[in-house]
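Visitor: As they're listed, the protein sequences go chains C and V. Just so you know, the first sequence maps onto residues 1 to 495 in the working numbering. Just so you know, the second sequence maps onto residues 496 to 578 in the working numbering.
Calculated from the structure, these hints are not laboratory results. On a predicted model such as this, the values are computed, not experimentally measured, just so you know. A couple of the hints might just be wrong.
Cross-link-like lysine to aspartate or glutamate pairs, in silico, EDC-like; alpha carbons within 16 Å at most [stated by the list, open to error]: (1) V:K505 - V:E570; (2) C:K108 - C:E41; (3) C:K108 - V:E573; (4) C:K108 - V:E566.
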Amino acid sequence: MELAFSGWSGILILAMYGLIMLGVGVVTFLRNRHIHQSLDEYYLGGRGLGVMVLFFTFFATQYSGNTVVGYPPSAYRMGYEYLVSVPFFITIIMAYLLFAPRLYRLGKKYRLVTPAQWFEKRYKSKAVTILASLLMLYGLGNYLLEQLVAIGQGVSGLTGGTIPYQVGVVFFVIIMVIYGWLGGMRSVAYTDTMQGIALLFGVFMLLIGSIIYFGGLPTSADYMQAYSPEKLGVPDGPGVMNWFSLLVMIGIGAAVYPHAIQRIFAAKSERTLKRSFSRMAWMPFLTAGVVFIIGIIGINAYPGLTEGESEQLVGMMASAVASQNVIFYWAMVLLFGGVIAAIVSTADSVLLTFSSIISNDLYGSYINPDASEKKKLLVGKLVGLVAVGILILVAWFPPGTLYQIFVLKFELLVQIAPGLIIGLYWNRLHTKAVFAGMLVGTIIASSMTLFGLSYFGIANGLWGLLVNVGICVVGSLFMTVSVVEEKEAKQVIGM
Amino acid sequence: MGSEKREPIKNPRIWIILGILLAMITPWYFPDSFGEILVYGVPLWAVIIILSSLLLSAYLSYVLKYHWMLEEDEEEAEQKGAK
């Protein structure tokens, strides 16, 4: 990306962000020295996150740098049909209402640390827990890979190539690992707060600057009426279908991200969790809504861009705004620094959850259950580090073939939803049906993605999910759950 | 509110209303002319979607506040006890 404000100011701002993140890590470490003996303390911040911090850390799991840089180009190309990006963030909160109240309660009761541990508690089946853990690890790994690539591109863009891609990735990965190791969930959540504020401030400055410099929505609407009225029009049949499928899939999918679920366990109290969700319900207007307007303004500001060129839209608009005056100049530098910081904040959450599943579920439950918590933590941290190392190599030397296997994220992560959610309420849900549903759903969703199949404009993950739910329900109706098992399930759910 | 336990999933009324709101935030019910009428540069159908989305956020906040009460009373009693 070519930015008018790239260069030394970019380097300065990135160094500043990096130092603040490290500072947060060190302060957290000094104030919480006891956390390195306990999984609860390290991975969940001692289950004590307050409203603001919890809110920003949820915010970081849903909104990334990609929201700011990637959504305006979509709005630019699709016009008002991309307005769906506002309500789909609201349906995430709707999906939380399905399971968060009960899961918070059970998390507290059984001191759950990871989503996989709930599977273990509910189904008492090694096969189900391991399959769910592997799906989460694989999905999280690819998610992390995407963030690492984005960090590299962002740094090299903001510094005008002065800092090459590879150096950018390594610099931020080292910082992220250091503050993560120093303070665990607390560090991650505090830095999320700093990163979220920087991003929000920058996005608003870009909106104000764009309106002053390029004109607001009426100007853009005049242009669309004259040259591309379809961008103002009501979506047609397939458009509506796609809209609805996004509402459902993003709603459920983003709510069951393992790192999002883990934040439910980290809440200080039910009231804290409710308040954070309530704030999240309004955020789509301030984030997705604002970047949507920026994309629509772009239609008039830079007409006729090709698809590839339109991907650079935010960079072009920010460059133009930055050249207005010194305030906007620094606001745009802050914004792009904030975009990179936001990507780091998404990456650190993912890495922490990745390590926790290793520590608590794979190593801690099956490989060496007798290990001390300190040792489990250490194994989780080290395996996380090795995984990041491998992902960095993949990012640098992308394999020519089979690249698709690194794209699967969401399609896999969403397959844990039926076992997780239905299992909270239905005592008769059969363990084997859950396993079969999860496996078949995964195979369907991933093979559709790998072979590029698509039906009725409905997303691949959603097809897998539908079959998965079908197998869970029908399978449980046909297979009998023994009285003992049903009683046990009832006891675990206990409501 | 008392010490009564409330869980959103057990209240069918909530899900009927959420279903209606979900239908309202999907643009299937607009005539084509709504794409031509502009309100401050925003097509009328998009204005209605935005208003419906605001309504959904407001309703979710209401449900979160008043229809989710599983632990709160106990947690607050514990907190008071701890002080």
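Visitor: With reference to the structure, classify each hint as holding or not holding.
Guide: Here is how each hint holds up against the structure:
Annotation: proposed proximity of K505 (chain V) to E570 (chain V) is violated, straight-line Cα distance about 22 Å (limit 16 Å). Restraint check for K108 (chain C) and E41 (chain C): satisfied, since their Cα atoms lie roughly 14 Å apart, inside the 16 Å limit. Of the supplied pair hints, the one linking K108 (chain C) and E573 (chain V) holds, its CA atoms being roughly 14 Å apart against a limit of 16 Å. In summary, the hint linking K108 (chain C) to E566 (chain V) is supported, as the alpha carbons are separated by about 10 Å, within the 16 Å threshold.
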